[in-house]
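Under our numbering, think of the first position of the sequence shown as 461, with each following residue one higher.
This list has only true hints and no planted wrong ones.
Here are the computed distance ranges between Cβ atoms for each label pair: (1) A624 to E558: 29 to 39 Å; (2) A498 to L630: 30 to 40 Å; (3) M556 to A505: 14 to 24 Å; (4) M556 to I528: 17 to 27 Å.
Calculated lysine-lysine pairs in the BS3-like style (CA-CA distance at most 27 Å, straight line): (5) K489 to K631; (6) K538 to K488; (7) K631 to K611; (8) K631 to K472; (9) K517 to K537; (10) K538 to K611; (11) K537 to K488; (12) K519 to K489; (13) K472 to K611; (14) K489 to K538; (15) K537 to K489; (16) K489 to K517; (17) K538 to K512; (18) K472 to K512; (19) K519 to K472; (20) K488 to K517; (21) K512 to K537; (22) K488 to K519; (23) K538 to K519.
It is worth saying that the hints were derived from the structure and are not from the lab.
Beta carbons: idealized from backbone N, C-alpha and C, even for Gly.
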Amino acid sequence: MNGHHLVLGGAKSGKTRFAEELVLNEGKKVAYIATGRAWDDEMRARINAHQKSRSSKFKTIEAPINLISSLEEARRKKLDLVLVDCLTLWITNLMMAEMEPGESVDALVHWLETNANLRVVLVSNEVGQGIVPDNAMAREFRDHAGTSHQKLAQICEMVTFVTAGIPQRLKG
Numbered sequence: 461m462n463g464h465h466l467v468l469g470g471a472k473s474g475k476t477r478f479a480e481e482l483v484l485n486e487g488k489k490v491a492y493i494a495t496g497r498a499w500d501d502e503m504r505a506r507i508n509a510h511q512k513s514r515s516s517k518f519k520t521i522e523a524p525i526n527l528i529s530s531l532e533e534a535r536r537k538k539l540d541l542v543l544v545d546c547l548t549l550w551i552t553n554l555m556m557a558e559m560e561p562g563e564s565v566d567a568l569v570h571w572l573e574t575n576a577n578l579r580v581v582l583v584s585n586e587v588g589q590g591i592v593p594d595n596a597m598a599r600e601f602r603d604h605a606g607t608s609h610q611k612l613a614q615i616c617e618m619v620t621f622v623t624a625g626i627p628q629r630l631k632g
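Modelling step: build the complete structure from the supplied sequences, incorporating the hints.
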């Protein structure tokens with residue numbers, strides 16, 4: 461695997477498992493940047509389950525907002541490969557902090573373009589294939605996610621869509 465890789469899929473599609481296996485098979489010194497934030501008990505349980513299932517080979521970095529500084533940390537430590545899981549949770553966290561997701565994604569795109577020496581696998585939920593959400597914030601979130609995916613897909617060497625645990629290569 462060369463270059464950055466965007467892995468998309470729906471909820472429980474197998475995208476994280478695919479990305480974890482990819483990173484563990486390709487890298488020797490790997491990090492897992494987790495963007496989840498426990499807003500409630502159900503989310504706390506999901507995060508705990510993810511942590512327990514994660515391979516001990518990963519150095520875990522928690523980054524609900526400061527994704528680029530976490531990528532910088534991984535670059536400084538000369539890691540081979542970094543898994544970011546997941547971008548849609550990161551976008552949610554930015555919106556909840558009343559930050560502009562578009563500006564943050566543009567900064568991420570710039571960082572990825574200028575730091576090709578650290579390979580990054582980005583995991584994100586494809587949310588734009590369902591019904592139109594019934595409220596403005598959910599529609600804004602869907603739009604931010606879709607725009608972000610387009611920008612990242614342009615600069616990533618590879619893009620994979622995972623459905624029912626089956627990866628489908630879209631690019632690369």
